[in-house]
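Those protein sequence lines, which keep their order, are chains A and B.
Throughout, the working numbering is defined as the position within the first sequence, counted from one, plus 5.
Throughout, the working numbering is defined as the position within the second sequence, counted from one, plus 244.
The set of hints was computed from the structure by calculation and includes no laboratory data.
These numbers were taken from a predicted model, which means no experiment stands behind them.
Note that beta-carbon positions come from the ideal geometry of N, C-alpha and C, so glycine has one too.
Mixed in with the good hints there might be a few duds.
Pairwise CB distance ranges, derived in the manner of DEER restraints [stated by the list, open to error]: (1) B:307 to A:400: 26 to 34 angstroms; (2) A:151 to B:409: 42 to 50 angstroms; (3) B:522 to A:225: 47 to 55 angstroms; (4) A:217 to B:646: 50 to 58 angstroms; (5) A:216 to B:598: 57 to 65 angstroms; (6) A:37 to B:598: 47 to 55 angstroms; (7) B:646 to A:239: 49 to 57 angstroms; (8) B:310 to A:37: 45 to 53 angstroms; (9) B:617 to A:37: 52 to 60 angstroms; (10) B:617 to A:219: 53 to 61 angstroms; (11) B:522 to A:217: 49 to 57 angstroms; (12) A:225 to B:646: 32 to 40 angstroms; (13) B:346 to A:171: 51 to 59 angstroms.
Heads up, simulated SDA-like pairs for lysine to any residue below, C-alpha to C-alpha not over 20 angstroms straight-line [stated by the list, open to error]: (14) A:296 to B:561; (15) B:582 to A:221; (16) B:632 to A:280; (17) A:221 to B:620; (18) B:579 to A:221; (19) A:221 to B:587; (20) B:632 to A:217.
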Amino acid sequence: MSSVSTTTSEPPDGAGSPISTITNALRANLQTYALIVATLVIWLYFSSQTNGNFLSPQNFSNLFRQMVITGFLSVGMVLVIVTGNIDLSVGKLAGFVSVVVAAVQANYLTQMFPEQGILIAVLSVLVGLGIGMLYGVIQGYIIAYMGVTSFIVTLGSMWLLNGLILLVTEGRTIPANQSDFSQIAQGYLPEAVGWIIAVVVIVWLFYSMFRSRSRKRRYNFELPPLALDVAKTAVFSFLMLAYVYMVNQYKGIQAPVLILGLVAIGVSYLSSNTRFGRYAYAIGGNRQAAKFSGVNIRRNIFLIFTSMGLLSGVSGVTLASYVGYGTISAGQGYELDAIAACILGGTSTLGGTGTVLGAMVGSLIMVSLTNGLQMTNTPAAWQYVLKGLVLVIAVYADVRIKRSNT
Amino acid sequence: MAIGTNDNILEFRNVTKRFAGVTALSDVSFEIQRGEIHGLCGENGAGKSTLMKILAGVYPAGTYEGTVLYDGRELKLENSSIRQAADEGIAIVYQELTLVPSMTVGENIYLGKEPVEHGVINWDKLYADTKQLLEQYNLDISAQATLGDLGVGKMQMTEIAKAISENARVLILDEPTSALTEAEVDKLMEILETLKAHGVTCIYITHKLEEFFHITDTITVLRDGKVITSQPTEDLDREMLVNHMVGREMKERFPQGNHKAGKVVLEVDDLHAVDPRTEREVVRGVSFELREGEILGIAGLMGSGRTELVTTIFGEYGKITRGAVRLDGKPIVVKNSKQAMEYGISLVPEDRKTHGLVLIQSVLKNISLPNLGRFSSMFSINNDAELKESMSYAHSLSIKAPNLHVPVESLSGGNQQKVVISKWLMSEPHILILDDPTRGIDVGAKYEIYKLMNELAAQGIAIIMISSELEEVMGMSDRIMVMHEGRAAGIIDAADATQEKIMALATGTVVKEKPVIPAEPAKAIGK
């Protein structure tokens, strides 16, 4: 009989040699790095076509502000798609939230609490988030516990919410321009606060890098070379500083971008460092295996749609604050932008893979394209054609890269 | 019995096939005569499937050494050329069905070669041809029936009809009867005789030895990738066949265990359970007790309800309609796998790819998936502790992987199985259920898994092992429960067990000289 000879083989290990560590790290994040490079290429291209106006401080600042509303939707959509589901209702839900917030503000809050701007803004936000989350709870219950597929439920929701938007607005545009409320999407932080945030983030980046190294050392794991870790952290620190420098040239850090950043970091952490997140990836990778491993699939999917509802609420509040009114076309087509951003960012429609960071970069690419094409006076028809082509070509390139890697 | 010519349709000459580190076929040479039924015999992992995959083009010319002569000339199939093999007239009926359940019988048979006129499928011709084909072989199947509505037996017949419709000259049947009732097996034998009369050569693979003597003209025995013998069936008897197959004492294949059965930990009392979807009763009265430190083997044919039984105990399949499960004397109701784990019950499922692993995820994430609770608080997972503990299991089971971050799909079958076992060992079960744990893995990995089972039993863990291989179940178990049509047909001590006793219980027959007896029409097949 063939003897047992496995003991002579290389012991399985958490990490390999320093060089393989670097190449592994590069390969694992290849997609994200490629996307960041693609973003920079797009920026440089449009900048050269607009005599540098594309990367002027004002446009740079606007670019990020423009990605915020669908950005919130993309953050939630990543997890939805990772579990092998889809949510077509998020655009209309955000739209519905925005008109309800506008209606409540215009018809009730401003009359009930005249001169109390902050209170009106806070109540508006709470109403918006509450409605979004409640809708997510209902939708999640139907999908997870009643077993109707998410495609159908959310497609139905899309029409249903469109009807509700018409009912609330009665075809009119409702103002939502209370000044404190407007600060949510239109506010800027003072220059000094911007720098303080940059310093805090950089200190935190280095602190967590060293903490991670000391923990690894405690477990006797092989450490990646210090220089590599420092270089990586330094690159992120530089990006942070560059960003703050740019936006401070205009009006300062944009309030909604800060909120989106915090939400994205939070969800990103949730997705990789908690059971909830890990289970989502396992469900998307192999539902049966997850079930046999004791994962409560229904609860997980319910929670994911609930959080998607909440994030749609955030998006809707931001939308109302951003445009300053609620209107019948609010949120039209945002769900497709959010889905496209996820897919550009490497989320597989088959489920099981995808990152929040990727979706954020995907969002930024989509916004950069739209913004750049507008600035170069490309006719609207061609803007659509080009965006469509970019999506398909990007995914095709991704498929090719993956195939050549295996 | 053999046709009296030297006219060979297939000749294997010095065929050797190596995989990374494992020689699956070693210098294989033998002939298959035109128009005969040729039995191919050997244990799991002996090389039968590898050999057939060469014929099917799964392993194309150039990936193996030696030559295969087909009808006098060299068979040179190219990469991914299953189509090409079919064009050559070589058709394979696999053990796992390759049909589309939502399509009709006719659509399935003509899938990919539908009769087309002006770009439109001629449905009348398709169904007329199907009907004619089915009648020709006396198959009682409606051409327009939806495949999924048929029993496994008729599906298998459809699969064969599909192969014949390709004008197959060589038909390979890979364990076609493992899921069939005896009546269906008889029917299959009839079809094979008809095919033979039509001049079709059959290569027949089965683990039921009686069928070789019932139907084949010649038998070739493979063991560890080598041809042990290839001779007319009439020159062989059962005992010789088993000796050729096993070729060594059982003691060598299975490490000696030192099991001391302790107190009873699990009692299953007259358990009945139904499939929650179809309401069909799949477990129909099973009672047994399991002691700590012992290995209870469960034998039975596919569809005997053995997998259904253990997944029901694990809380992931059947709805219990009658009977009870008691853990340490207290009745328990297990509603899902999470609860089962809380009770200290773990299950290594039958099909590692569908139920055991998230193939696209890393080895690490697979091992830790059911055990994340121990590494996490509400809002964080301690990634370092997770890696540390997963590594210690990967080490102790000698999982061969470059590191734990590679996707589990990149590992070999044996190593994938070790990952499944690791993840369940980490949950520190008191009762470990292994459903066919050595299926489709190489001999070395099997031996390691056997050793591990003995170690676990020595630590006092109670083990249930389902196995499709009689030798395995006899070699590893302390007691053997044999299942037949959802019932426990009997429990025997391993010391008294013989293959005949087990097979008789598994097939519901009385041991006689000629064991193929039409049983009562049975329906309890399939999952």
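Hint by hint, here is what the structure shows:
1. Between residue 307 (chain B) and residue 400 (chain A) the C-beta distance comes to about 33 angstroms, which sits within the given range of 26 to 34 angstroms.
2. Taking the beta carbon of each, residue 151 (chain A) and residue 409 (chain B) are about 44 angstroms apart, inside 42 to 50 angstroms as hinted.
3. At about 53 angstroms, the beta-carbon gap between residue 522 (chain B) and residue 225 (chain A) stays in the expected band of 47 to 55 angstroms.
4. Hint check: residue 217 (chain A) to residue 646 (chain B), Cβ distance near 22 angstroms, so the stated range 50 to 58 angstroms is violated.
5. For residue 216 (chain A) paired with residue 598 (chain B), a C-beta distance near 40 angstroms fails the hint of 57 to 65 angstroms.
6. As the Cβ distance of residue 37 (chain A) to residue 598 (chain B) is approximately 31 angstroms, the hint placing it in 47 to 55 angstroms is violated.
7. Residue 646 (chain B) and residue 239 (chain A) have their C-beta atoms about 29 angstroms apart, which leaves the hinted 49 to 57 angstroms range violated.
8. At about 48 angstroms, the CB distance of residue 310 (chain B) to residue 37 (chain A) agrees with the hint of 45 to 53 angstroms.
9. Against the hinted window of 52 to 60 angstroms, the Cβ-Cβ separation of residue 617 (chain B) and residue 37 (chain A) comes to about 30 angstroms, which falls outside the hint.
10. Look at residue 617 (chain B) against residue 219 (chain A): about 25 angstroms separates their beta carbons, and that is not inside 53 to 61 angstroms.
11. Remark: the range hint 49 to 57 angstroms for residue 522 (chain B) to residue 217 (chain A) is upheld by a beta-carbon distance near 52 angstroms.
12. Hint check: residue 225 (chain A) to residue 646 (chain B), Cβ distance near 19 angstroms, so the stated range 32 to 40 angstroms is violated.
13. Roughly 40 angstroms separates the CB atoms of residue 346 (chain B) and residue 171 (chain A), a value that falls outside the hinted 51 to 59 angstroms.
14. Taking the CA atoms of residue 296 (chain A) and residue 561 (chain B), the gap is near 11 angstroms; set against the 20 angstroms cutoff, the hint holds.
15. A threshold of 20 angstroms between alpha carbons decides the hint, and for residue 582 (chain B) with residue 221 (chain A) the separation of about 31 angstroms lies outside it, so the pair is violated.
16. Restraint check for residue 632 (chain B) and residue 280 (chain A): satisfied, since their Cα atoms lie roughly 18 angstroms apart, inside the 20 angstroms limit.
17. Only pairs whose Cα atoms come within 20 angstroms are accepted, and residue 221 (chain A) paired with residue 620 (chain B) is accepted, the gap being roughly 17 angstroms.
18. Only pairs whose Cα atoms come within 20 angstroms are accepted, and residue 579 (chain B) paired with residue 221 (chain A) is rejected, the gap being roughly 39 angstroms.
19. A distance of roughly 33 angstroms separates the Cα atoms of residue 221 (chain A) and residue 587 (chain B); the hinted pair therefore is violated under the 20 angstroms criterion.
20. A threshold of 20 angstroms between alpha carbons decides the hint, and for residue 632 (chain B) with residue 217 (chain A) the separation of about 14 angstroms falls inside it, so the pair holds.
Violated hints, in rising order: 4, 5, 6, 7, 9, 10, 12, 13, 15, 18 and 19; the structure is consistent with all others.
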